[in-house]
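Trainee: One letter stands for each residue in the lines below.
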Amino acid sequence: MWHALPLIVIISLVYGATRHELMRPILEHAIRFGWWMICFMLILFVIIFIASRNL
Amino acid sequence: MSSNHETPAELDHFAPVPVDLKSPALAAVLAWLWPGAGHLYQGRKGKGFLYMICILFCFFFGLAIGNGHVVYASFKKEDMRYPYLCQIGVGIPAMPAILQNMSDTPLAGSTIMRQPTPPVLEQRHDEKAVWHEQTGFHFELGTLYTEIAGLLNFLAIYDAYAGPVFLVPERKRRKKQVTAGQGQSGEDASPTPSASSVS
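Chains as they are written, first to last, in our numbering: chain A, 1 to 55; chain B, 1 to 199.
Honestly, the hints are just simulated from the structure, not real lab data.
You may find that some hints are simply not true.
[As the list claims (entries may be wrong)] DEER-style ranges, computed between Cβ atoms:
id, chain 1, residue 1, chain 2, residue 2, range
1, A, Ile43, B, Glu140, 24 to 34 Å
2, B, Pro18, A, Glu28, 12 to 22 Å
3, B, Glu140, A, Asn54, 24 to 34 Å
4, B, Leu33, A, Ile38, 28 to 38 Å
5, A, Cys39, B, Thr117, 43 to 53 Å
6, A, Ile38, B, Phe75, 33 to 43 Å
7, A, Leu42, B, Pro119, 43 to 53 Å
8, A, Arg24, B, Gln123, 50 to 60 Å
9, A, Ile50, B, Ala108, 46 to 56 Å
10, A, Cys39, B, Asp104, 50 to 60 Å
11, A, Ile31, B, Arg124, 45 to 55 Å
12, B, Ser23, A, Ser52, 48 to 58 Å
Beta carbons: idealized from backbone N, C-alpha and C, even for Gly.
All chains should be built: construct the whole structure from the sequences, respecting the hints.
Mentor: Now the structure itself:
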């Protein structure tokens with residue numbers, strides 16, 4: 001699971017860099033996007049965890 | 001540019017910034033050959049170094065956790081290395097695999113990026129099976145990292161060729177529309193009609 005964190009950081013930074021030119025918006029967008037990815041993955045994890053427990 | 005010595009970017013950090021792409025085709029080729037090189041050629045040093053550090057770290061980290069074996073070029077029927085089609089997106093760092101493939105003996109005595117010794121057969125204990133035994137799940141993880149590095153560089157190549165796809169956060173866009181009293185803001189100059197933000 002820890003191997004996902006560098007990927008999340010790198011993907012967030014690169015994606016943010018494709019949408020902005022200056023460093024500050026890039027970093028702000030990257031932080032927002034990274035948190036969005038983490039939250040999305042956590043929600044999916046909870047759903048799948050609950051579903052697997054009930055099987 | 002504003003006569004008050006403040007550029008639009010200084011007034012609004014998310015405002016589109018003029019970008020001099022110089023020769024876009026050359027920049028794209030340079031961006032493919034070495035991540036970030038195209039942007040450095042264009043004078044976009046911050047983004048150039050950002051792309052370079054992120055993409056090369058991703059690539060070499062994946063290569064390292066796979067013991068140097070996750071990147072290799074093989075197009076034989078029994079061992080079609082499809083991930084290499086993504087890994088080659090990184091450019092020169094992935095090209096030694098092609099040289100290894102063309103050479104009968106390991107280059108400089110190194111087996112890094114060298115294809116497994118044939119035959120490579122399913123259900124047989126070949127050299128590729130040994131690699132999987134030695135690295136465990138890190139072989140697949142390293143493959144994933146290097147593939148993602150190549151694919152991210154495709155984004156960087158597009159950015160070098162066509163410039164950034166500017167994104168104005170939704171709240172800022174709506175605020176501007178309200179304050180301007182217009183249905184559509186003139187500053188909403190994002191080139192992609194369906195641009196949306198993650199707020």
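Trainee: Look at each hint and say if it fits the structure.
Mentor: Here is how each hint holds up against the structure:
1. A/Ile43 with B/Glu140: 24 to 34 Å: holds, 25 Å
2. B/Pro18 with A/Glu28: 12 to 22 Å: Holds - the Cβ-Cβ distance for B/Pro18 and A/Glu28, about 21 Å, lies within 12 to 22 Å.
3. B/Glu140 with A/Asn54: 24 to 34 Å: With Cβ atoms ~29 Å apart, the hint holds.
4. B/Leu33 with A/Ile38: 28 to 38 Å: Check passed, 33 Å falls within 28 to 38 Å.
5. A/Cys39 with B/Thr117: 43 to 53 Å: holds, 46 Å
6. A/Ile38 with B/Phe75: 33 to 43 Å: Given a distance of about 38 Å, which is inside 33 to 43 Å, the answer is holds.
7. A/Leu42 with B/Pro119: 43 to 53 Å: holds, 45 Å
8. A/Arg24 with B/Gln123: 50 to 60 Å: holds, 55 Å
9. A/Ile50 with B/Ala108: 46 to 56 Å: Given a distance of about 53 Å, which is inside 46 to 56 Å, the answer is holds.
10. A/Cys39 with B/Asp104: 50 to 60 Å: Holds, at about 52 Å.
11. A/Ile31 with B/Arg124: 45 to 55 Å: Given range 45 to 55 Å: holds, Cβ gap about 48 Å.
12. B/Ser23 with A/Ser52: 48 to 58 Å: holds, 54 Å
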